[in-house]
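Colleague: Letter by letter, the chains look like this.
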Amino acid sequence: MVKKGFILLILAAMAVIIVGAFAGFTGNTDLGYVANHYASNGASEVGSANLVTAVVVTYRGLDTLGEVTILFLSAAIVGFFLKVENTDNKDRKLKYVSEILNTASQVLVPIIILFGVYVFINGHLSPGGGFQGGAILASGFVLMFIAQPKKEISHKMVTILESISGVSFVLLGVAGIIFASGFLDNTILSLGKFGTLFSAGAIPIIYIFVGLKVGSELTSIALSLKENQNEA
Amino acid sequence: MVGPIYIIAIALGTAFFLGFFKKANRTFSFGLMLLAMAFMTFISAQWLYAFLTQNQETVQIFTAGFKPPFSISLQMGFHESIFLTIINVLGLFSAIYLFGHLRDKGVNMMMVFVVLFMGLNVVVMTRDLFNLFVFLEISTIAIIGLILLEKKEDAISSGFKYLIASGIISGLLLIGIIAVYYYSESLFINDIIASKLMYVKGGTIATFLILIALVLELKPFPANGWALDVYESAHPGVGAIVSSASATAGIFILFKLLPAFSDSAYYIIAVIGTLTFVGSNLLGIKQNKATRLLGYSSIGQIGLVMAVIGLTPYLGDKTMFIAFGLLLTHILAKAGLFWLAGIVKSKNIRDWAVIRRNPHLLVLMGTFVFALIGFPPFPSFFAKWELIMQLANSSGMVWLAFILLGSFIEGIYMFRWFGYAVKGENKDLPEFKIHWNKILPAILFAIGLYAFGYYSSTLTGIAGKFNYLPLLFIVFLYAIDFLPVYIKNTISIAGVGYYLYTIYPGLEEYRLVFGLIFLAGGMLTLLAGYAYKGKRQGFYPLTIMMFAGLLGLIEAKTTLEFFFAWELMTAGSYFLIIRGKKSMPHALSYILFSVGGAYLILAGFALAHIDQNTFSLDILSNVQYYAPVIFTLLAVGFMTKTASIGLHIWLPGAHAEAESDVSPMVSAILLKAGVFGLIILMLHMGFQSFGNVDIYYILAWIGAITAVMGNMMAAFQEDAKRLLAYSSIGFLGYTVFGLALMSHLGWLAAISLSVIHFMFKTLLFLAIGGVVWRVKTKEMYKMGGLIKKMPFTFISVLMGIIVISGVPPLTGFGGKWILYNAVLDKGWFFPAAAVFFAGIIAFLYCFRLIHTIFLGQLKDEHREVKEAPFWMLVPQYIILGVIMLFSALPNSLLKPIGEILLPYFPDGALEWQGQLAISAFGYWNGKLIMFIVVGIFVTVFAWLWYMNRNAQKVKQFNIGYSAERPSLPETTHFAYNFFAPYKKVLGFLVTPVISNFWDDVSEGIHAVADKIRRIYDGNAQNYALHIIMFVVVFYLIAFGGFYGI
Amino acid sequence: MIEKLNLENISLAVGIIVILIGLWGLLTQKNLIKIVIGFALFDTGIHIVMVSIGYIKGRTAPILDSAVDVNNASQIVVDPIPQALVLTAIVIGLGITALMLSYVLKMYQKRKSLEINNYKDLKW
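Protein chains in written order, with the numbering used here: chain A, 1 to 232; chain U, 10001 to 11045; chain X, 20001 to 20124.
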């Protein structure tokens, strides 16, 4: 109890510090000059209607590469960590799956996957993008794992998909150095007509790979956890 | 040139590409990864090369084709290229080291490995704050992944602790970053620096959060329990990466963002760094698990580098040199030690004795340990020197004291560990295998330490070039270590002789005297080495190391050279001492006293340097401030080597347990280094006093008490070599006393006594060493009657004790005579009385040496004993010849010394008429006395010999009490506990008060360390709490409450 | 006082409170899963704070569709940068949380306990 009181005291001090860090926060009335540049020139420089996408994929593309790398790392570590030596799980005790879930999943999974693809392909036009689309994709597979626990997905295929999209992402980045003015420059392809599907240079392609990569990474993590759940 | 962006492309491309090869040949996958690491190393090294040689300008790399602040940019400058090269080289060799592991664990871990180093590279290069956060996270997560290379329960739970801790830290960092973004409207670091957030409301605390998070990434004491657990449980190859590569990147971030923080950030970093350095090392001394110990040391060392960065306001433009020197040493040495830990596989430091099975590994370990503590010729030595000099110069005395304290504490556990490795019992320990891929990186890193040490020495900016010739000779001797003793011995003697021959013309005054003691003495004692058979592995490089240090002292023109030589000598003598059979604890106390003393000397030099632009030793005669303090620091430092009372406890064990020919080296020769130091000190600084208290009067008392106590303890010893060791303490007491008189006669006495002490102590240690060699015991009561078996040795000892006891006709008398004259001259009668009393006690132990060992009856088990080995006798008889010469013709020794002293002490010199010396109080004719005494001796001897015909011989140990025989008949021997009556009366004087005092100090420190380290209770939650508390405490320190809201 | 109760201040305050609640859970709960949940809350709180920072009263999402005039965008949209950052931060948080959970899973498998006090083998 004394300890909890002490923790409370420390957290109160912590609250003071965090509040202190935002002591100068008065809300915004206007964009900062970097943000202003994005809002004013994003359309002409990058050609993406979704400014967040412009920032994520191009202006701060290196962050995104890092982000993808973090998921990649997590998937690799979890995959290594939870690796099941003995993969034939025939004597696994499976929970009963209700008929509703099973039936619904058969309908829903393809739609979810399709929706995921839609979200990352349209990332430069509408809210969404590679991460969101990838997450939706993966959620479709998770639903499948729950509804049809016996159904096996080749983990190897997932990894290979992940690798292909990862290597492609990096190659696109390098292509930016060679064919345009810097790593991850999206103008290696023509910016196209603003606001259409085939616009914003390489952004849709990058987002496809990001979407596939995130989708396969999250699926891979879920797969690892699934394979591991009956381990002693 | 290949652009730095390709580091990212290559690393990530390889990592993603490896996914195709999950089931393929793993050696192939490993090869791919290694290729990527090599390429990254190549890119960074090529930039470094361009910066060093081609005036390359700093380059900005813009991503996405936009300029910052609109896109993320990287920077490749000189500093970046150095740090990247360090990190990548470490990565490359870590990969090689971990070859077997990575191959067995599969492709996933290879991906993690290469991504880790990519992350660290970007962290160094990026100029975007949020990007920094992202890639910092990448490297943290990758480390957590690599911890799993050991899939043990320990590693898993420590990985979880690391996750929690780093989660909180990066959360704090993120809060800081987002607040900073609000205030500066940009994430470009240059913009953030330009917007001077420390003057913005809220910005102060936002930058504080970033600062404290970055500091926490460096695992500061005491919020670092999680890191220690990782160091302990992770694979040592991973420990090396965490300790070296991650920390290097962390230090660079701090360095990079420093301009964005307020000036008080320097202070905070310095406080945290120093606290970490002292605190972590303090807790390390209770540690007995090797990898965890390395963890404590790593954290401490990084704390020191942090402190250096924080002390920038004190250090000015030397900061980079110091920080690099320390960091580079830490990286190379710590990685090397971690790698050795992975080879040896002994958890407990006591079990490291097993490393001795391969002596080359021991050499590597020694290199790393001595580099960490800051011995020459390693970069850390020069960095620490510069650090202390600059701190003193800008009045950072408190920092200086704490940094030296922390260094000393680190020495305690590092040398203890090394001692176990050198001397611990290793019979029952398991074998270990050495794979080439594990040993190669360590060897290269050790070579790197020497190379960078040499490079650092060229950067010190001191005109006098360091003398590396003796060091090359050491390397040469190490290379020919496989040859038999007699070849190496001849080469060593020839080397020392040749060196003496070349420098002899340049030696003047007292340098000549001590040069002869050190080098001619060295040759003499080396002669005894011919008595050894076999290879005597390691002996010659180490001996020459000590002599190289000694001659360096003679040659030193600058304080830095002097200190360099002093440390070299200390290292060499430590190795010689630890070679003895039971010498582990004594060698430890020797090195600790030496290191402690060396730090005092360093501090003294640093204070003396204040406001002086030259590095010459002459600065001591021109000291601007704190003169008495400087004098005291240096004097105490030098007295650790002369083993004056209070600082003597290392000596008896160290000298007594050493090998037969090492004892004279470390006793007769090494101790004179302290005398030499004192002479330089006193000549330069002259009279000093604290207010009304004359320091020299105190020194005289110290000398006198040392003489009394040393001799008294010598008298009560049963162990012959211990007796001689204590006698050295006593005799050095005379010397200190003589020097403290600060008069012509006092110094004449002190210097001539030094020469004499060198001669008779070499003589006696060799003679007694020869006896011990034959009878296999050092206990005197187990000997007796050896006069018939070892007549030549007997004569040596006889002559030796006549010299010690200072009776006519031999040369010891001359020394004493001058000393008493000097006392009369000065009028310090109370300490003089003590010195006189000490002279009487000397008779007691002298008598024991001759009587107990050589007279009386021969023990049964010694019937077959032979005379000492021929080569042990040779140096003894050479010395005997010299003693006879000096005794018969005293002016051959005393007159030249007197002339040396004339310029310094013109008054009160002796007047010489032939062999007749005349002082203000009387006269002495050595030659005449020689004739008289020899006459008396011959007469008495002839009479005794004549009477001896009637003596009747009896058998000994024919003892029985009421039909019972004592189980240890020797203890009933009259020679056992010979001076029991005296001991009853005076014994209270020799209770080991001082040893007890130091034992208590040591126990106290250990107890404190043990108390404090209980905070690391292993609970991840408490570690998290420590982090939050750390933030709160330093917030309060930085803002003194609620400033800024 | 009242005028301070606008949307960005409220969401900032909520974010900070969530951060503190998360920390409280992290520091006081004994169950490993609950500790991870505490961390996730802590992380989420930070994300809320990040989003609040970029908000501008009365403006719309930074997507240049029919509702936003491209030429006048800088007067109409909110700051896109914190939104981009929060996206990255969420993904990072996800990666860390996934790692934490798999560690907990493995720890549980080895020792059949979720009590944090049972994992104190390494210390001092």
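Because the hints were derived from the structure by calculation, they are not lab data.
Note that the Cβ used here is the ideal one computed from N, Cα and C, for glycine as well.
Just to be clear, a hint being listed does not mean it is correct.
[To be verified] A few chain U residues that face chain X, going by a derived Cβ cut-off under 10 Å, partial list only: (1) Ile10144; (2) Phe10160; (3) Leu10885; (4) Leu10889; (5) Ala11020.
Colleague: Now look at each hint and say whether the structure bears it out.
Modeller: Hints, one by one, checked against the model:
no., hint, in the structure
1, Ile10144, "holds (6 Å)"
2, Phe10160, "holds (4 Å)"
3, Leu10885, "violated (63 Å)"
4, Leu10889, "violated (67 Å)"
5, Ala11020, "holds (6 Å)"
Taken one by one, the earlier hints fail for this structure at numbers 3, 4, listed in ascending order.
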